[in-house]
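Q: Okay, here's what each chain looks like letter by letter:
Protein chains: 2
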Amino acid sequence: MSFRWGIAGTGAIANGFADALGRLPDAQLVAVGSRSRERADAFGEKYGVAPRHRHTSYEDLAADDGVDVVYVASPHSHHHEHTLLFLNAGRPVLCEKAFALDAGQAADMVAVSRKRGLFLMEAMWSRFLPAYVKVRELLAEGVIGEVQSVEADFGLRFPADPAHRLFDRALGGGSLLDLGVYPLSLASMVLGTPDRITAYGTLGPTGVDEHVAVLSGYDSGAVALAQSSVRATLGCTARITGTEGCIELPFLMHCPDELTVQSRGVTERLSLPAAREGDSGDTAGGGLHHQIRHVQQRLHAGETESDVMTLDETVAVMRTLDTARDQIGLSYGRT
Amino acid sequence: MSFRWGIAGTGAIANGFADALGRLPDAQLVAVGSRSRERADAFGEKYGVAPRHRHTSYEDLAADDGVDVVYVASPHSHHHEHTLLFLNAGRPVLCEKAFALDAGQAADMVAVSRKRGLFLMEAMWSRFLPAYVKVRELLAEGVIGEVQSVEADFGLRFPADPAHRLFDRALGGGSLLDLGVYPLSLASMVLGTPDRITAYGTLGPTGVDEHVAVLSGYDSGAVALAQSSVRATLGCTARITGTEGCIELPFLMHCPDELTVQSRGVTERLSLPAAREGDSGDTAGGGLHHQIRHVQQRLHAGETESDVMTLDETVAVMRTLDTARDQIGLSYGRT
Chain A
1 MSFRWGIAGT GAIANGFADA LGRLPDAQLV AVGSRSRERA DAFGEKYGVA PRHRHTSYED
61 LAADDGVDVV YVASPHSHHH EHTLLFLNAG RPVLCEKAFA LDAGQAADMV AVSRKRGLFL
121 MEAMWSRFLP AYVKVRELLA EGVIGEVQSV EADFGLRFPA DPAHRLFDRA LGGGSLLDLG
181 VYPLSLASMV LGTPDRITAY GTLGPTGVDE HVAVLSGYDS GAVALAQSSV RATLGCTARI
241 TGTEGCIELP FLMHCPDELT VQSRGVTERL SLPAAREGDS GDTAGGGLHH QIRHVQQRLH
301 AGETESDVMT LDETVAVMRT LDTARDQIGL SYGRT
Chain B
336 MSFRWGIAGT GAIANGFADA LGRLPDAQLV AVGSRSRERA DAFGEKYGVA PRHRHTSYED
396 LAADDGVDVV YVASPHSHHH EHTLLFLNAG RPVLCEKAFA LDAGQAADMV AVSRKRGLFL
456 MEAMWSRFLP AYVKVRELLA EGVIGEVQSV EADFGLRFPA DPAHRLFDRA LGGGSLLDLG
516 VYPLSLASMV LGTPDRITAY GTLGPTGVDE HVAVLSGYDS GAVALAQSSV RATLGCTARI
576 TGTEGCIELP FLMHCPDELT VQSRGVTERL SLPAAREGDS GDTAGGGLHH QIRHVQQRLH
636 AGETESDVMT LDETVAVMRT LDTARDQIGL SYGRT
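Protein chains in written order, with the working numbering: chain A, 1 to 335; chain B, 336 to 670.
The shape of chain A in the complex, shown without the other chains:
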């Protein structure tokens, strides 16, 4: 069967997603929603969405019976509202990360999806890339022994612009939700939910976290060190260190095309391309189709949740982000 997708939002990631849909034989982009007629039409024109499915409100998109599943690509300050809107209209949802502004919102979204028996997943697309699949395989095989630490960071220097979403506290700006979620999600994938967390960082002039370091501790003795920044360009790499070796994810750690694996004295470089022919670096590094294929497989199987990016884990990572934010004195100004 072919899945008919609707996309809520018309930003950069929505464009990348639409590109990826266009290259999957069993996926179709059939509808788009935007608050703006102009943007809905431009996006619809670009991606071949019929005029009557170019909606100028998210409510209209939610009511579109021609849609099998909705991808929520609005700013994360609106993920809670929009995800609930689509779920309550009976649509399965793939919701862009950060999944929500806080764990409370995330739990709410999960509760509604479960109550309604509708598929919901955080669009943590890294999880489905060949490199990440391989990391899980290598860990399961014990190739690096017992994991002692996960180090990961994602930081890019953005020009300080109070008008930009990234520096807007009310929109959940800052480094944590946009970038920090990747290293923290990787740590969660490898080590699970931390038993203790300490975060130090810097709030910028607009009150958002411009640079944050999060140290996670596990009762097993393992540790995870994560950093995110919108003020400085970090290595954007990751390293998983075990007693018998390590796995290194090169720049950019959230969508690598290769892994370096050291195991018992032997170093190997594995080529694991994320992109398909035709994918461009512009579409978030290419490789969004891996996630889409996974969602479609789960939907096809009648599942309401991913077994790779579970909802419980999404909420747990959100809780880690909440704790880190509390510790550095950041609030998004909500109650």
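In short, the hints are calculated from the structure, not lab data. What you were told as hints is all true, and nothing was included just to trick you.
A few chain B residues that face chain A, going by a derived Cβ cut-off under 7 Å, partial list only:
hint, residue
1, 483
2, 533
3, 535
4, 546
5, 548
6, 550
7, 552
8, 556
9, 558
10, 560
11, 566
12, 567
13, 570
14, 576
15, 578
Some chain B residues judged to face chain A by a derived CB distance under 8 Å, without partners named:
hint, residue
16, 484
17, 492
18, 537
19, 564
20, 577
If you're wondering where the values come from, they're calculated on a predicted model, not measured in any experiment. Beta carbons: idealized from backbone N, C-alpha and C, even for Gly.
With chain A fixed as given, assemble chain B onto it according to the hints.
A: Frame of chain A; chain B shown alone:
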């Protein structure tokens, strides 16, 4: 003038130091001290120390008037005792790192050196290597802008051997004092004394810290992430990230021969060899002569302290180590 050195101890680092002395025109190794006649003689034979200066007690070495300055190369569990012995005998001292078991011991040693007006320095030899000198120059020139983070780790997998010094709690075993001191000293060199510290880690079967992560926070908003391990081989690299670029220290971060500097979009690799012709990798990576030359310059100038590795900073780093150790529940079994 030529400086006449005595070495207390005959272990690996003592050998490396003697090698380095042998290649400096204005330095002489004139005396050695050991608890063992056999080791004192073997060391003396190897490095041309006259039989009457091959002492079989540290007290005898301290009483040797032919010695201008003593290098303390005993295990760090004995640094306090031996440094005080030599200072109280009127000898200037260069004391191997870790400088002491804790900040109390370190402060004690510093107090005696100051009271007696005698030179004392922690043998943090990294500080004097060309790469480290260059790091300080680059930072002073603002090449990477405002420093946001220091990431550094040093970890090597050692076979778990309860009989080995590294796994002996009473001798100050574990990763922190042997290896962790390097990344933490680098962080201190770049950012100063942290305003807050959190450490998580693992104690092994013998009760020593086998893997530790230390997150340091500064009121400026900067952070430092350090790791040490005797259980897993870490990257052994360092990265100093600023708003305008970064400086990377490759493996091994405590004695690199090059630096990678990214500044405002331009990447440059700087060659900064630490070794002299004839230095071998066996002598702790080569490059101990840089430190020796610095000590001799300070002694020649009549100074009682280094301006590069100050005693206050040595005590402050020791205090950081104490805090980290307390937080992971490690005690060396002293009162």
